[in-house]
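If you want the building blocks of each chain, they are given just below.
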Amino acid sequence: MKIDHSLPLEYSTEENRLKIFGFWIFLGAEIMLFATLFTSYFVYENRSGNGPTGAEIFELSPVLMETILLLASSFTIGLGIHAMRLGKQKAMMSFFAVTLVLGLGFLGFEIFEFTTYIHEGAGLSTSGFTSMLLTTLGTHGLHVTLGFFWGLFIILQVKKRGLTPETANKSFIFSLYWHFLDVVWIFIFSFIYLKGMM
Amino acid sequence: MKELFPIKQVMGFVFSLILTAVALLVYFVDMSFTAGMTILLVTAFVQAGLQLVVFMHAGETEDKAAIYSNVYFGILVALVTIFGTLLIFVWDM
Numbered sequence: 001m002k003i004d005h006s007l008p009l010e011y012s013t014e015e016n017r018l019k020i021f022g023f024w025i026f027l028g029a030e031i032m033l034f035a036t037l038f039t040s041y042f043v044y045e046n047r048s049g050n051g052p053t054g055a056e057i058f059e060l061s062p063v064l065m066e067t068i069l070l071l072a073s074s075f076t077i078g079l080g081i082h083a084m085r086l087g088k089q090k091a092m093m094s095f096f097a098v099t100l101v102l103g104l105g106f107l108g109f110e111i112f113e114f115t116t117y118i119h120e121g122a123g124l125s126t127s128g129f130t131s132m133l134l135t136t137l138g139t140h141g142l143h144v145t146l147g148f149f150w151g152l153f154i155i156l157q158v159k160k161r162g163l164t165p166e167t168a169n170k171s172f173i174f175s176l177y178w179h180f181l182d183v184v185w186i187f188i189f190s191f192i193y194l195k196g197m198m
Numbered sequence: 001m002k003e004l005f006p007i008k009q010v011m012g013f014v015f016s017l018i019l020t021a022v023a024l025l026v027y028f029v030d031m032s033f034t035a036g037m038t039i040l041l042v043t044a045f046v047q048a049g050l051q052l053v054v055f056m057h058a059g060e061t062e063d064k065a066a067i068y069s070n071v072y073f074g075i076l077v078a079l080v081t082i083f084g085t086l087l088i089f090v091w092d093m
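Protein chains in written order, with full-length UniProt numbering: chain D, 1 to 198; chain C, 1 to 93.
Think of the hints as simulated: they come from the structure by calculation, not from any bench. These figures come from a predicted structure and were not determined experimentally. Treat the hints with care, since some could be wrong.
Partial selection, computed: residues in chain D whose CB lies under 10 Å from chain C [as the list claims (entries may be wrong)]:
1) Tyr11
2) Thr13
3) Ala35
4) Thr39
5) Phe172
Computed footprint of chain D on chain C, listed as stretches where at least three residues anywhere in the stretch have a Cβ under 8 Å from a Cβ of chain D [stated by the list, open to error]:
6) 21–27
7) 44–54
8) 60–69
9) 73–85
We put the CB at the ideal spot given by N, CA and C, even for glycine.
Here chain D stands alone, though its shape is the one from the complex (with noise of 0.2 Å):
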C-alpha cells in the first residue's frame, strides 16, 4: 500500500481518496431520498383531515432544542477531525465522545415530541399530514440513531488500533455522514416547523 505523507492521514492511501468520494456519491442518493420524503410532505401538508394541523401540534421549545443540539454536535464532530489531523488521539476521542451524546440528548427530545404527538391523536395512521410528518421525521431519527451506533464502534477501534490510515479513514468518513444529517435538520426546522408555525 502507498502512503502519501503529504496528505492528512484519511486521504493517504488512494483507496482512502476514493472511499471518502464513494460516500459523497452515497451522500447525493441520500438528498434525493429526502427529497421525496419532503415532496410528499409539502403534497399532504394540509391534507389534515379530522386531525390536528402542523400550527396545533408543533412547539418551539422541543424542536430548538433539537436545533441546537444538532448543530453543536456537528461542530464538536469537526473539531474532532481536526484533532485528529493533529495527530492527537485523545482530543479526538472526547469531541467524538461528545457529539455522540449531544446526538443522544437530540433523540431524547425527539422520542419526547414524538410520544406527545401520539398522545395529542397524532399517530402515524391519522392524516396524510401526519403519516408524511412522522415519516419524514422518522427517518431523520433513524439515520441519527444508526449514526450514534456508527460513531460509538468507531470510537472503540480507534482506541484498539490507534490513528492508522484505515482507521482515520473511517472516521472521517463518519463526519460527513454526521454533518449530511445536521443539513437534513436544517430543512426539516425551516420547512416542516418553521413554515407550520409561521
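We have chain D; now place chain C onto it with these hints.
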C-alpha cells in the same frame, strides 16, 4: 488547547447559530408568507452551504470538481422532484 479550536470552524458554528436566530424571526415577527419563505430559503441554503464547505471539507482534494458536481446533481434532482410535484399536485397548473 487553543490549536484544537480552529478559528474557521468556531466562526462557522457562530455563523450557523446566527442564521438559526434569523430564521426564528419568521416565528416571532408577524410577516407575509412570501417574506417568511424568502428568509427561510436564504438561511437554510446558506447554512447548508456552510456545513458543506467549512465542516465537510468538500473542496479540499483533487476530487473537488467531482464532489461538487455530484452534490449539485443531487440538489437538482431534489428541486425538480419537489417543485415539479408541487406544480402538478398543489399549485394546480
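Note to self: Hint by hint, where does the structure go against what was stated? Just the numbers, ascending.
What the structure shows: 2
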